[in-house]
Structure formats: C-alpha cells, structure tokens
Amino acid sequence: MSLKAVVVSQIREIAEEDARSLPPLTDDLVLLDSGLDSLAIAILVARLEETLGFDPFTESDEVAYPVTLGDFIAFYEHAAASRGLDPQRAH
Amino acid sequence: MSTLPHHVDSIRSALTDAADAGRRFLRTAAADVCLRDLVEATSLGGRAAEFAGRSVLVATRTQLAAALALVELDGLARRIVVCTPDLTPDHRAEIFAKAEVDEVVSEQDVRPLEPRTPSAGPRVETEWILLTSGTTGVPKMIVHTLASLTPVRSPEDGEVVWGTFYDIRRYGGLQILLRTLLGRGSFVMSDTGEATGAYLLRLGAAGATHVSGTPSHWRRVLMTPESRAIAPRYIRLSGEIADQGILNALHTAYPRAAVSHAFASTEAGLGFEVDDGLEGFPAHLVGGSGDVQLRVRDGSLRIRSSRNAAGRLADTSPLVDDEGFVDTGDAVERRGDRYYFLGRLSGTINVGGLKIHPEEVEATINRHPAVRMSMVRSKKSRITGALVTADVVLKREAGSGAHDDALTDLHREILALCREHLAPHKIPGILRFVSALDIAGAGKLARRA
Numbered sequence: 000m001s002l003k004a005v006v007v008s009q010i011r012e013i014a015e016e017d018a019r020s021l022p023p024l025t026d027d028l029v030l031l032d033s034g035l036d037s038l039a040i041a042i043l044v045a046r047l048e049e050t051l052g053f054d055p056f057t058e059s060d061e062v063a064y065p066v067t068l069g070d071f072i073a074f075y076e077h078a079a080a081s082r083g084l085d086p087q088r089a090h
Numbered sequence: 000m001s002t003l004p005h006h007v008d009s010i011r012s013a014l015t016d017a018a019d020a021g022r023r024f025l026r027t028a029a030a031d032v033c034l035r036d037l038v039e040a041t042s043l044g045g046r047a048a049e050f051a052g053r054s055v056l057v058a059t060r061t062q063l064a065a066a067l068a069l070v071e072l073d074g075l076a077r078r079i080v081v082c083t084p085d086l087t088p089d090h091r092a093e094i095f096a097k098a099e100v101d102e103v104v105s106e107q108d109v110r111p112l113e114p115r116t117p118s119a120g121p122r123v124e125t126e127w128i129l130l131t132s133g134t135t136g137v138p139k140m141i142v143h144t145l146a147s148l149t150p151v152r153s154p155e156d157g158e159v160v161w162g163t164f165y166d167i168r169r170y171g172g173l174q175i176l177l178r179t180l181l182g183r184g185s186f187v188m189s190d191t192g193e194a195t196g197a198y199l200l201r202l203g204a205a206g207a208t209h210v211s212g213t214p215s216h217w218r219r220v221l222m223t224p225e226s227r228a229i230a231p232r233y234i235r236l237s238g239e240i241a242d243q244g245i246l247n248a249l250h251t252a253y254p255r256a257a258v259s260h261a262f263a264s265t266e267a268g269l270g271f272e273v274d275d276g277l278e279g280f281p282a283h284l285v286g287g288s289g290d291v292q293l294r295v296r297d298g299s300l301r302i303r304s305s306r307n308a309a310g311r312l313a314d315t316s317p318l319v320d321d322e323g324f325v326d327t328g329d330a331v332e333r334r335g336d337r338y339y340f341l342g343r344l345s346g347t348i349n350v351g352g353l354k355i356h357p358e359e360v361e362a363t364i365n366r367h368p369a370v371r372m373s374m375v376r377s378k379k380s381r382i383t384g385a386l387v388t389a390d391v392v393l394k395r396e397a398g399s400g401a402h403d404d405a406l407t408d409l410h411r412e413i414l415a416l417c418r419e420h421l422a423p424h425k426i427p428g429i430l431r432f433v434s435a436l437d438i439a440g441a442g443k444l445a446r447r448a
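Residue numbers (numbering that gives the first Met the number 0), protein chains in the order written: chain A, 0 to 90; chain H, 0 to 448.
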C-alpha cells in the first residue's frame with residue numbers, strides 16, 4: 000500500500016468510528032474541513048506512528064503545520080524518503 | 000517585573016473610572032457592546048436587585064451573555080459560580096448544593112441593554128467560583144476574588160484589541176475578559192461552535208493586536224488557511240506545555256509578533272510569562288522573592304502569590320502547603336540554567352488544555368464485562384499536546400485464543416462504551432489489548448511512561 004493510501008484509509012477508519020461523513024479526499028481539501036477536528040488529527044498522527052513507525056511532527060522543532068490533505072501526505076512522504084523508505088510501499 | 004494594578008472595588012467601578020470606555024467594546028459575530036453602556040445600562044432588566052447578596056450560578060449558552068451577567072453581578076452578588084460550557088446536569092446538581100446556589104442566570108435572563116437606575120445598596124466583595132476538573136469527574140470549585148483574578152497590568156501602549164480561543168468561563172479566557180474590562184482595549188469573542196477560520200477572519204477585520212490560546216489552539220490556527228487573516232503584535236500561549244516546535248512555528252508565521260508563553264492555573268493563578276522564545280523557563284525565576292514566588296519541591300512546581308486562589312469550596316484539603324505555596328502538580332526538571340515541564344505528577348492528561356483524570360476513563364473501560372483491568376496513559380502529541388491511550392487486559396475467557404474478529408468486536412464495543420459515557424477528548428485515541436500491566440512498588444498501576 001502506498002503511504003497516501005495508508006493515510007486515506009486511516010482517515011476513513013477514524014471518521015467511521017465517530018460516524019462522521021467525509022467529503023471527497025482530494026489533495027487540496029483543508030484538513031480541518033475534512034470533518035476531522037484537531038483531536039481526530041492527533042489520533043490520525045498517533046495511529047500512523049503505530050503503522051509506519053515514525054511521527055514526522057516530533058522529528059524536528061522546525062515543523063510547518065500542514066493545512067491541506069496534500070500538505071499532510073507530502074509531509075509524511077518527505078519524512079519517509081529521508082529515512083530511505085519508498086513512499087509507494089509504506090505498509 | 001510588572002506592576003499590580005490599583006485596587007478596584009468591582010468591574011463596574013473600574014469601567015466608571017475609565018475615560019476611554021466609550022471607545023472600547025466587546026464584540027461577537029452578532030453583537031457589539033460598548034463598555035460605557037455596561038456602566039449605564041443593565042442586561043438583567045428589573046431582576047438585578049433579586050441577585051443582591053445571593054449565591055448566583057451563571058449558566059448561559061453564549062460567552063457574551065456570561066460576560067454581561069458577570070459585569071452585572073460582580074459587587075452585587077455574594078457569590079458567582081461560573082459554569083463551564085461542558086458542565087453535565089449531574090454535576091450541576093452537586094454544585095448547586097455545595098455552592099448554596101439561590102439564583103440562576105441562564106441565556107434568556109440576559110436581555111438587550113436597557114437604562115438602569117444605579118442601585119443604592121452596598122457593594123460587596125463578591126466571591127468568584129471557577130470550576131476545574133476533579134479526579135472523579137465532579138468539578139472542583141476554586142474560590143477567587145476579583146483581586147486574585149485581576150491580571151497583571153499590561154505595559155502596552157497604543158490600541159489594544161484582544162482575542163482568545165479560550166472560552167471566557169475558563170481561567171485562561173476569563174483573564175482576557177478581565178484584562179479588557181479592568182485594563183485597556185477591546186475584546187473580540189468567539190461564538191459557540193464558531194469555526195476557527197471564521198473567528199480568525201473576524202479577528203483580522205477588527206484589527207486584533209493581542210491573541211491568546213493554548214498551544215493546541217495555535218496549532219489548529221496554523222493548520223487553517225485563514226491564519227494569514229490576523230497580524231497580532233502579541234501572541235500568548237498558556238494552559239499546556241508550550242514546546243519549541245509551536246514557539247518556532249509561530250515566530251515564522253507571525254514575524255512581527257512577540258510570542259510569550261505563560262504559566263497559569265485556576266488554583267495557582269497567574270504564575271509567570273516567558274518571552275525569550277524558548278520552551279521551559281529560566282531557573283532564576285525559582286527561589287526569588289517578589290509578587291510571584293516559585294519553588295520546586297519533590298520535582299513539582301509550587302507558586303505563592305496574591306493571585307493564588309483562596310481555597311476550594313466544600314473541600315477541607317488545604318490548597319497551600321505549610322509555607323503558603325500552591326502545589327501546581329506540574330512536574331519540572333532542571334537542565335542547565337532552565338527548567339522544563341515534564342507533565343502532570345498525578346498522571347492527569349492535558350488534551351488541548353482540557354484535563355483528563357485517567358481513573359475516570361479506566362472506570363468506564365472496566366465496566367465492560369470482558370475487561371479485567373485497564374491502564375490509561377498520556378501519549379505526547381504535537382497536535383493536541385497529549386492524547387489518551389489505553390492498555391486493556393481482558394478476562395481469561397474473553398482474551399485467550401480469541402479470534403481477531405472477536406477482538407475487533409470487543410475493541411469496538413469498549414470504544415462505544417467510552418463514547419456513551421465520556422466527553423470526546425477523554426476517549427482513548429489508541430486502545431491496545433495487552434496480557435499484563437506494569438504494577439509499581441506500592442501496588443499501583445505504573446502510569447507514568
């Protein structure tokens with residue numbers, strides 16, 4: 000599964016647990032408009048850490064907070080690449 | 000060191016003395032209230048006299064109605080109990096009894112301002128009761144006076160327009176309301192349920208100069224496209240540990256702003272502000288003398304100041320130690336010439352400024368018939384500061400040899416139970432089944448990671 004697919008499937012799972020409906024998950028979707036609030040995004044980041052083995056938010060004190068889903072995925076892809084992982088085969 | 004403001008008898012007397020009150024305002028999306036009108040008009044209609052000398056619970060839906068009621072009741076009521084917006088009916092009944100509440104001000108009691116006849120009755124020093132979360136879920140009632148709640152006077156020059164992501168019925172938000180009413184400037188309040196982006200646009204339109212919130216509030220701002228709508232001169236963080244990541248991100252996003260993080264709590268009051276842009280606080284603040292004195296004992300930060308609460312209502316355990324210091328329960332560690340916050344000694348979890356007692360979440364999980372025991376802990380998060388996680392040990396008959404499908408069902412059932420009984424921030428974001436839990440020396444769960 001690609002990193003993007005892992006992120007999208009986790010988002011769907013969290014939304015489903017909370018019985019929230021999601022808009023189409025496009026790259027330019029503003030994360031906080033996706034139906035996930037900051038608590039849900041914190042859960043998303045924690046679960047991705049369990050799945051992927053890393054949390055890019057804690058890797059540096061120079062973090063640019065992602066605004067869109069595309070930013071968020073790129074943030075993870077960048078962190079994966081810097082670890083020598085292939086973002087197309089994250090899991 | 001900042002100077003303390005001169006003594007004020009009541010909010011209204013401070014506003015009466017303020018020459019510029021006619022140009023200052025409280026604003027929401029729907030209303031604009033001139034501070035001069037708060038002196039000359041009433042929002043409680045003819046009922047104001049009924050509250051004289053009484054214990055009054057303020058339980059409005061909106062922040063503005065609460066603010067108007069607080070202005071009216073301060074100096075008039077014997078006691079004001081400020082209800083937080085998330086107070087449940089069960090807890091409300093308990094608070095009602097313990098605070099000997101005589102009267103309630105709810106949303107419909109607060110009406111459009113109309114001219115008032117100044118009351119001739121004596122002004123009293125009103126006792127303010129603020130609510131903060133308690134171990135069993137029942138809020139603790141923290142006793143303050145207007146004097147102990149009065150913020151340090153800001154040394155600011157020029158026009159000041161405040162904004163805060165806090166609700167004014169919590170300590171952090173009440174500080175901003177009182178800074179405005181007793182100090183200077185105007186205040187743009189958020190509306191109940193208002194999206195962060197919409198509030199930022201209103202703050203930008205009003206030219207907000209000073210904006211406060213928890214680190215988690217600010218992380219949410221930076222994840223919002225409308226973050227560019229504001230250009231404050233001063234950014235204040237409090238209510239949670241401010242890590243270097245959020246301080247740096249705010250410096251980058253708002254290069255013109257002074258970014259300051261403050262330590263304050265409902266019980267200890269305002270402690271100190273740190274404005275060097277670094278996480279933690281300088282070690283020289285500890286052990287000094289002055290208005291606010293800090294000590295570290297048993298790894299915990301203690302504070303003694305005129306901003307300390309006077310006590311807890313209906314609770315005989317002392318608020319201060321034998322030297323008059325409030326134990327904040329915040330664990331600190333010295334590294335070099337700085338102290339750093341480690342989290343809560345009690346294991347209390349702080350999710351975006353809201354406190355969670357692990358025992359309450361464990362008790363809920365343990366209600367499930369398949370659960371033998373559970374341990375709830377904090378996991379660090381760069382989004383909400385912390386997150387609730389749960390390790391769950393199943394009873395032998397439920398756990399051993401169970402199929403994955405059965406475990407998935409149990410997982411879902413336990414979370415559903417939590418959702419039914421707990422506020423969203425208390426529900427474990429990660430729930431794992433484990434075979435055993437760590438037990439510390441005293442037979443207690445080894446909660447601290």
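Take the hints with a grain of salt, since some may be wrong.
In the DMTMM-like style, the derived pairs of lysine to aspartate or glutamate whose C-alpha atoms are separated by at most 25 Å in a straight line are [as the list claims (entries may be wrong)]:
(1) H:LYS97 <-> A:GLU16
(2) H:LYS378 <-> A:ASP26
(3) H:LYS354 <-> A:ASP70
(4) H:LYS139 <-> A:ASP54
(5) H:LYS378 <-> A:ASP27
(6) H:LYS378 <-> A:GLU12
(7) H:LYS354 <-> A:ASP54
(8) H:LYS378 <-> A:GLU16
(9) H:LYS378 <-> A:ASP54
(10) H:LYS378 <-> A:GLU48
(11) H:LYS354 <-> A:ASP17
(12) H:LYS378 <-> A:GLU61
(13) H:LYS97 <-> A:ASP60
(14) H:LYS394 <-> A:GLU58
(15) H:LYS379 <-> A:ASP54
(16) H:LYS394 <-> A:GLU61
(17) H:LYS394 <-> A:ASP60
(18) H:LYS379 <-> A:GLU12
(19) H:LYS379 <-> A:ASP60
(20) H:LYS379 <-> A:ASP17
It should be emphasised that the hints constitute simulated quantities derived from the structure, not laboratory data.
* So which of those numbered hints doesn't the model satisfy? -> 1, 2, 3, 4, 5, 13, 14, 16, 17
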